[in-house]
Every structure is written in C-alpha cells, then in structure tokens.
Amino acid sequence: MSLINRKIVFQLLLIILGLNSCTENIKTNYNKEEVYQTKERLSLFQTKFKYIDNIEVQNFDDYKLVKIKGKTSDLKYLLFSSNSKVDTLWPKADFYVAVPVRNITTLVASSIGYADALGCLDRIKAVSKKQYIYNSVVRDRIDSGEIVELGEMQQLDYEKLLSTNPDLFIQSDYSDNFEIDNRVQKAGIPTLLFSDWKETNPLGRAEWIKLIALFVQKEEMADSIFMEIERRYLSLKDTVAMIDEQKTALLGAPYKDVWYMPAGDSYKVQLLNDAAVDYKWRTEKGNASLPLSLEVVIKNQVDADVWIECPYRTFDKLIAQDSRFSIFKAFKNKEIYHYKRQLRDDGANNYWERGVGRPDELLSDIINVFHPNKYKTEMFYYEKLK
Amino acid sequence: MKDPKNIYIKFGVLFIILFIAIVGDLMVGSTYISFDEIVRTLIHGQDDSVNSFIIWELRLTKTIAAILVGIGLPVSGLLLQSLFRNPLAGPFVLGISSGASLGVAIYVMAGGASILASSWLLAGGLSLFSILGSLLVLMAVLAVSLRVNDTLSLLVVGLMFGSITAALVSVMQYFSSADLLQRFIVWTFGSLGGFTWMEVSILTGLVLISLILSVFIVKPMNAMLINEDYARSLGVSVKNIRMFVILISSVLAGSITAFAGPIVFIGVAIPHLARNFFNTSDHKILLLAVVLMGSILMLVCDIISQMPGYATVLPINSVTAIFGAPVVIWIILQNKRINARY
Numbered sequence: 000m001s002l003i004n005r006k007i008v009f010q011l012l013l014i015i016l017g018l019n020s021c022t023e024n025i026k027t028n029y030n031k032e033e034v035y036q037t038k039e040r041l042s043l044f045q046t047k048f049k050y051i052d053n054i055e056v057q058n059f060d061d062y063k064l065v066k067i068k069g070k071t072s073d074l075k076y077l078l079f080s081s082n083s084k085v086d087t088l089w090p091k092a093d094f095y096v097a098v099p100v101r102n103i104t105t106l107v108a109s110s111i112g113y114a115d116a117l118g119c120l121d122r123i124k125a126v127s128k129k130q131y132i133y134n135s136v137v138r139d140r141i142d143s144g145e146i147v148e149l150g151e152m153q154q155l156d157y158e159k160l161l162s163t164n165p166d167l168f169i170q171s172d173y174s175d176n177f178e179i180d181n182r183v184q185k186a187g188i189p190t191l192l193f194s195d196w197k198e199t200n201p202l203g204r205a206e207w208i209k210l211i212a213l214f215v216q217k218e219e220m221a222d223s224i225f226m227e228i229e230r231r232y233l234s235l236k237d238t239v240a241m242i243d244e245q246k247t248a249l250l251g252a253p254y255k256d257v258w259y260m261p262a263g264d265s266y267k268v269q270l271l272n273d274a275a276v277d278y279k280w281r282t283e284k285g286n287a288s289l290p291l292s293l294e295v296v297i298k299n300q301v302d303a304d305v306w307i308e309c310p311y312r313t314f315d316k317l318i319a320q321d322s323r324f325s326i327f328k329a330f331k332n333k334e335i336y337h338y339k340r341q342l343r344d345d346g347a348n349n350y351w352e353r354g355v356g357r358p359d360e361l362l363s364d365i366i367n368v369f370h371p372n373k374y375k376t377e378m379f380y381y382e383k384l385k
Numbered sequence: 000m001k002d003p004k005n006i007y008i009k010f011g012v013l014f015i016i017l018f019i020a021i022v023g024d025l026m027v028g029s030t031y032i033s034f035d036e037i038v039r040t041l042i043h044g045q046d047d048s049v050n051s052f053i054i055w056e057l058r059l060t061k062t063i064a065a066i067l068v069g070i071g072l073p074v075s076g077l078l079l080q081s082l083f084r085n086p087l088a089g090p091f092v093l094g095i096s097s098g099a100s101l102g103v104a105i106y107v108m109a110g111g112a113s114i115l116a117s118s119w120l121l122a123g124g125l126s127l128f129s130i131l132g133s134l135l136v137l138m139a140v141l142a143v144s145l146r147v148n149d150t151l152s153l154l155v156v157g158l159m160f161g162s163i164t165a166a167l168v169s170v171m172q173y174f175s176s177a178d179l180l181q182r183f184i185v186w187t188f189g190s191l192g193g194f195t196w197m198e199v200s201i202l203t204g205l206v207l208i209s210l211i212l213s214v215f216i217v218k219p220m221n222a223m224l225i226n227e228d229y230a231r232s233l234g235v236s237v238k239n240i241r242m243f244v245i246l247i248s249s250v251l252a253g254s255i256t257a258f259a260g261p262i263v264f265i266g267v268a269i270p271h272l273a274r275n276f277f278n279t280s281d282h283k284i285l286l287l288a289v290v291l292m293g294s295i296l297m298l299v300c301d302i303i304s305q306m307p308g309y310a311t312v313l314p315i316n317s318v319t320a321i322f323g324a325p326v327v328i329w330i331i332l333q334n335k336r337i338n339a340r341y
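Chains as they are written, first to last, in numbering that gives the first Met the number 0: chain A, 0 to 385; chain B, 0 to 341.
Among the hints, a few may not be true.
Residues from chain A that keep clear of chain B, each with C-beta distances beyond 10 angstroms, as calculated [stated by the list, open to error]: (1) 91; (2) 145; (3) 243; (4) 292; (5) 298; (6) 326.
Derived list of chain B stretches under chain A, where covered just means 3 residues or more per stretch with a C-beta under 8 angstroms from a C-beta of chain A [claimed, not checked]: (7) 49 to 59; (8) 158 to 167; (9) 192 to 199; (10) 208 to 219.
I should point out that these hints are in silico values taken from the structure, not numbers from a laboratory. Note that the Cβ used here is the ideal one computed from N, Cα and C, for glycine as well.
I would like the entire structure built from these sequences, with the hints used as guidance.
Structural data, given as structure tokens:
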C-alpha cells in the first residue's frame with residue numbers, strides 16, 4: 000500500500016510538477032511579454048549624424064526629439080515609449096510617435112533597403128506597388144497578402160491605407176517646405192518625410208538608416224552598420240587616392256538632343272571624385288541635373304573613356320535609340336555600363352532600393368570599372384552592355 | 000493678284016530671308032564653329048573630326064527638320080482653314096495631333112514599347128505609334144465626313160474626337176509612373192534635335208509627296224473658299240477634295256508630330272501671316288508663301304531655342320508660341336479683318 004501510495008504520490012507529484020512546469024511556461028511567456036512591454040523604454044543611445052547636417056536628435060528622460068531642419072521651417076518628431084502616454088508638458092512637435100513602431104507603411108524604395116539591413120522587414124505592412132520592389136521577402140509577402148499595395152503617392156488608396164492602420168507612414172519629400180499629406184495627417188498617422196535623395200554626400204545618404212532606426216529603436220545597430228559602410232567606403236577611397244591616371248566619365252543618356260548630366264554637387268559626382276575619376280562638369284554648381292545639348296557633350300566629351308549609368312542594357316537598344324551615339328569613344332571601345340545588374344522582370348532595380356544606401360558598393364563598382372588593374376571584385380549594380 | 004511685280008518682290012525677299020535663316024541656323028549651336036569651317040565641311044563632306052560630325056549629324060539634320068516642320072504644318076493648316084472656312088482650323092482641331100499624342104502615350108506609358116521587342120522596330124516605334132494614332136483619328140473623321148455634308152459639323156466632330164483622345168491620354172498620365180510620365184512630358188515639349196538622317200529622309204519623302212498633291216488641289220480649293228455650292232457648280236467634287244485635304248493634312252501632321260512632338264502653333268499662325276503679307280486668298284500664292292514663311296519662322300525659333308552662348312536648349316514648342324504668338328497678334332491688330340478672307 001505504502002508502495003502504491005508512494006507511487007501515486009510520486010505520480011501526483013509528477014503531474015503537479017508537470018502542470019507546474021506548464022503553468023510556469025505559460026507564466027514565463029506571459030512574463031516575457033510583460034517584461035518586453037515594460038522594457039520598452041527608450042533606448043539610451045544618443046544618435047549623432049556625421050554627414051547629415053540638417054537632422055538633430057536630443058535625448059530626454061522620457062522622450063527623444065528629432066528635428067529635421069528645412070529651408071523655411073523645421074519638422075519635429077517627438078518619440079516616446081509605446082507604453083507611456085503623451086505628456087502635456089512635453090514640447091510642441093509636429094508628430095508624437097510611440098516607438099518602436101511595429102506597423103510601417105512606406106512608399107520609399109530606399110527605406111526598404113534600410114529596414115532590411117536593420118532586420119525589421121516584418122514591420123512593413125504596406126508599400127506602393129510590387130513592381131517597384133526588388134526585395135524578394137517583401138515581394139513574397141505582397142503575393143501572400145501580408146503586405147498591402149497602396150499605389151503611388153499621387154493616387155494613393157487612402158481607404159486601404161487607413162485599414163492597415165500604420166504607426167508610421169514613410170514618403171518622399173520633393174518640396175522645400177515639408178509637404179505632408181493632409182488626409183494622412185488627419186487620420187492621425189505620423190508621416191516621416193524621407194529625403195535621403197537630397198543628400199549630396201553618398202555617405203550622408205547612407206546615414207539616413209539612423210533616422211529609420213530611431214523609429215524602430217535600433218539606433219545602436221544602425222550606428223554600427225553605418226560605421227562599417229563608412230569604413231569600407233573610406234578604405235576603398237584610399238586604395239585609389241594615389242592614382243595619377245584619371246579616366247573620364249560620361250553619365251546617363253540624352254533624350255533627343257538634351258543630355259541631363261549631374262551637376263558638381265550631386266552625390267554621383269562625389270562618388271566619381273572619390274573613385275579618382277575625371278568628370279567634365281564636376282565644377283558646375285548645384286545638385287540638380289544640367290540640361291546639356293548633345294552638341295556640347297560631343298564637342299567636349301566625345302573622347303570620354305567610359306560611359307556609366309546608361310539606361311539601356313544592350314548596345315543594340317542603345318544604338319536603336321539614336322544612331323549618333325556611335326561617335327563616342329566609349330561606344331567604339333565598348334566601355335559602356337548600365338546599373339541594372341540586379342533587376343526584376345517587371346523593372347524593379349535593387350540599385351534604388353539597396354544601392355543608394357550602400358555607397359561602399361557603389362564606389363566599389365565605379366572603381367572596378369575605371370581602375371580594373373587596381374581593384375577587381377564582382378560588381379554589385381553595374382554591368383557592361385551586351 | 001493685284002500687282003504681280005509686287006508679289007515677285009515679296010517672294011524674292013522671303014527667299015533671301017530664308018537663305019539667311021538657314022545659314023544662321025547652321026552657324027548657331029551650343030559650341031562655336033566658324034563660318035569657314037562650316038562651308039568647308041559642307042562642301043567636302045563628312046570626315047572623322049568632331050566638328051564635322053556636329054555639322055552633319057546634329058546641325059544639318061536639325062536645320063532640315065526645322066524646314067520640313069515649317070513646311071508641313073502650315074500647309075496642313077492652310078488647307079484645313081480653307082476647307083472649314085474657319086481661321087481657327089489646324090491639324091489639332093481635327094483631333095489629328097491629339098491622335099498622334101494618343102499613339103505616343105500608348106507607346107511610352109501603357110507598355111506599347113514592350114510589344115516591339117526587336118531593336119529595329121524599337122527605333123521607329125514611337126513614330127509608328129504616333130502615325131497609327133493620327134491615322135486612327137483620321138479614319139474616324141473620314142468616316143464621319145462621308146455621312147455629314149456640312150463642314151462645320153465635321154469641325155465639331157473633329158473637336159470631339161480630339162477631346163476623347165486627350166482624355167484617354169490624361170487617364171494614362173494619371174496612372175503612369177513618374178519616369179514614364181516625364182518621358183511623355185518631354186516629348187510634348189517638342190524637339191527638332193532627335194532627327195537622324197533616317198528620320199529626315201522619311202519626313203522629306205512624306206512632305207514632298209503631300210506638297211505635290213496639294214499643288215493639284217489649288218484650283219478647286221480656291222473655288223471652295225468662295226462657296227461649296229459654287230465649287231460644285233464648277234464641277235468640283237467637294238467630297239473628294241474634302242477627303243483629299245484631310246488625308247494630306249493628317250499624314251503631314253501625324254508624321255511631324257511623331258518625329259518632332261506636338262508643335263501645334265505654327266500650323267494655325269503661318270497661314271494668317273501669309274494671307275496678311277500677300278493680301279490675298281489665292282491658294283497658288285498662299286501655298287508657296289506658307290512654305291517659305293513657315294520655314295523661316297521655324298528656323299528663327301530654332302536659333303532662339305539654341306540660346307546662343309549657352310550649353311543648353313529651350314523646348315521648341317515654347318519658343319514657337321512665346322515668340323510667334325505676339326507676332327501674329329500684332330499682325331492681326333494691323334489688319335483687323337480676318338473674316339473677310341473666308
């Protein structure tokens with residue numbers, strides 16, 4: 000009996016223990032969630048920008064203030080922990096955003112690249128259109144319906160946008176004075192105006208990863224990612240710094256007889272400078288494009304050594320566009336490169352998604368093209384025309 | 000008409016101005032090439048030098064393109080204005096230019112380009128779609144013209160077709176991405192710079208044929224301008240002439256729009272200038288007059304669009320309107336009776 004009793008007691012014990020472990024499991028899970036919740040304090044990391052001069056981040060006890068300075072006014076974001084409430088004593092801001100954001104709508108290709116680097120693609124719940132997205136994870140999620148397509152800014156599907164109820168809406172800003180969509184704002188959705196394309200320094204452009212990181216609370220990670228990109232970029236720059244021989248570059252392509260060449264302050268020209276490449280219009284002021292007549296380009300640069308960022312992928316297509324291109328030395332020597340090595344069938348180009356935020360990879364491609372004796376690796380985005 | 004000697008002098012003056020304009024257009028470019036060198040290069044033919052390439056492949060093609068556009072659109076405008084006895088008529092009024100735009104819009108924005116995968120078709124793809132677009136509208140207008148007898152109704156129908164095609168273009172613009180939209184918008188600016196020798200020769204052929212055909216209808220056009228019934232009494236087949244005019248003007252407008260973009264202004268303006276300058280409505284004189292005056296105006300506009308001394312060019316469509324329209328207004332103010340000529 001006592002043996003049986005013992006057995007029963009033992010079994011009971013086991014059961015209790017088992018149950019206990021079960022409940023403990025549930026409890027710990029619950030606790031974990033709770034801990035996760037309570038741990039969602041703002042990170043203490045102080046984000047600083049090295050190449051971007053119009054964004055400023057100030058850390059306070061229970062909030063962070065992110066200020067994007069514009070020409071006439073500033074745009075202020077106040078970030079606070081998602082488990083605290085907006086305090087009336089906090090300073091005035093354009094947007095009060097509970098972080099980390101978990102449901103992001105983005106219409107900006109490069110922001111997907113940054114989100115991927117930060118390992119938070121899963122927070123993207125809505126994008127513009129599949130045909131503009133290169134990232135295979137995002138494309139698969141669009142197919143499976145996990146990510147919603149909203150269309151472009153001009154014809155945004157507001158009803159769909161509201162139904163996905165994002166914590167953050169990321170869009171490009173093509174104005175000088177922060178144009179925020181009224182309807183999105185009225186719906187109480189904070190808008191992040193993402194103007195990385197305005198940066199004139201390629202590293203400055205890459206540094207926009209830090210801004211995304213503030214909203215997903217991965218600032219430290221962004222900082223180390225950026226430092227690694229910067230380190231690679233600068234070391235690549237060093238490898239060609241002493242090169243005497245400078246080849247000349249042509250960029251883009253004309254439409255009819257107007258060739259839009261980047262002006263001296265554009266980030267593309269900065270890349271060429273850092274790759275020790277000569278470029279005829281490097282001293283032209285401004286970061287926009289120069290509308291040059293074909294005549295001027297032929298007269299000045301018919302002997303340019305290499306032609307990069309050509310929009311066509313084959314020599315046939317290029318010459319079909321305008322037979323006069325055959326006059327260029329780069330054409331005769333077959334030294335023409337496009338930037339569509341990573342291209343989806345429907346036209347999405349990883350250059351615009353990942354490339355613009357990876358100046359180290361862009362620089363590597365340019366150095367590969369212009370100084371093949373000095374440096375040879377596989378190219379990321381560039382490819383010779385076929 | 001009134002004073003043949005006077006008319007010969009006027010034509011003489013126009014020929015001299017045309018010659019000066021041609022030389023001027025060849026001289027002016029974004030880079031400097033001396034007059035001597037231009038003459039030498041033109042006489043000796045193309046060699047390997049950059050300047051020779053610029054003169055033969057860029058400037059000469061552009062100059063010829065300006066002349067062809069300056070001939071084609073005003074001739075088409077003149078015929079249509081007389082046919083409709085309406086000073087506002089022009090290639091765009093019949094919806095022909097809008098039809099060409101529709102073709103280009105389909106090509107650029109709605110994936111028409113992807114249909115033409117092979118490269119040789121791709122070269123002429125834009126033009127092909129443009130001509131198809133204008134032909135489409137033209138056929139519709141022709142079909143209607145067989146059923147309605149009165150030209151004014153035809154004019155209204157043409158306007159309606161124009162509205163429909165323009166609306167379709169807007170819908171496509173609305174749904175297309177920024178870069179495609181930009182390509183289309185740039186096309187609408189008009190350009191003489193996209194002409195290569197192949198395009199120049201195609202257009203030369205079309206313009207010449209249309210011009211020769213228009214010479215044959217000069218007489219019946221004069222009769223029709225007085226009155227369609229009067230023309231009928233003279234044995235003119237009004238229906239045939241009408242179809243003839245529509246055909247010629249849409250081939251002209253369609254092909255020019257295809258290669259140079261929708262340059263609508265001079266088609267309407269030049270016939271007015273010609274009527275005022277020669278003070279006549281005789282098509283024998285007007286035909287040659289619009290050919291000369293149209294070429295001169297296009298060449299001058301091309302010179303202005305070069306903005307001498309600058310590395311860049313202005314869109315030709317804006318130049319023709321900004322500099323051309325005030326001239327037309329001034330001439331109309333000088334001579335306040337356009338209606339009297341219809």
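Now the hints, each set against the structure:
1. 91: 34 angstroms, holds
2. 145: With a cut-off of 10 angstroms, residue 145 of chain A remains clear of chain B, as the shortest Cβ separation is near 24 angstroms.
3. 243: 26 angstroms, holds
4. 292: It is violated; residue 292 of chain A is separated from chain B by about 4 angstroms at its closest Cβ, not greater than 10 angstroms.
5. 298: Incorrect as stated: the minimum Cβ-Cβ distance to chain B is 4 angstroms, not above 10 angstroms.
6. 326: 5 angstroms, violated
7. 49 to 59: Held - the segment 49 to 59 of chain B has 7 residues with a Cβ nearer than 8 angstroms to chain A, which meets the minimum of three.
8. 158 to 167: Result for this restraint: violated, n = 0.
9. 192 to 199: It holds, with 4 qualifying residues against the three required.
10. 208 to 219: violated (count 0)
Consistency note: the structure conflicts with the earlier hints numbered 4, 5, 6, 8 and 10.
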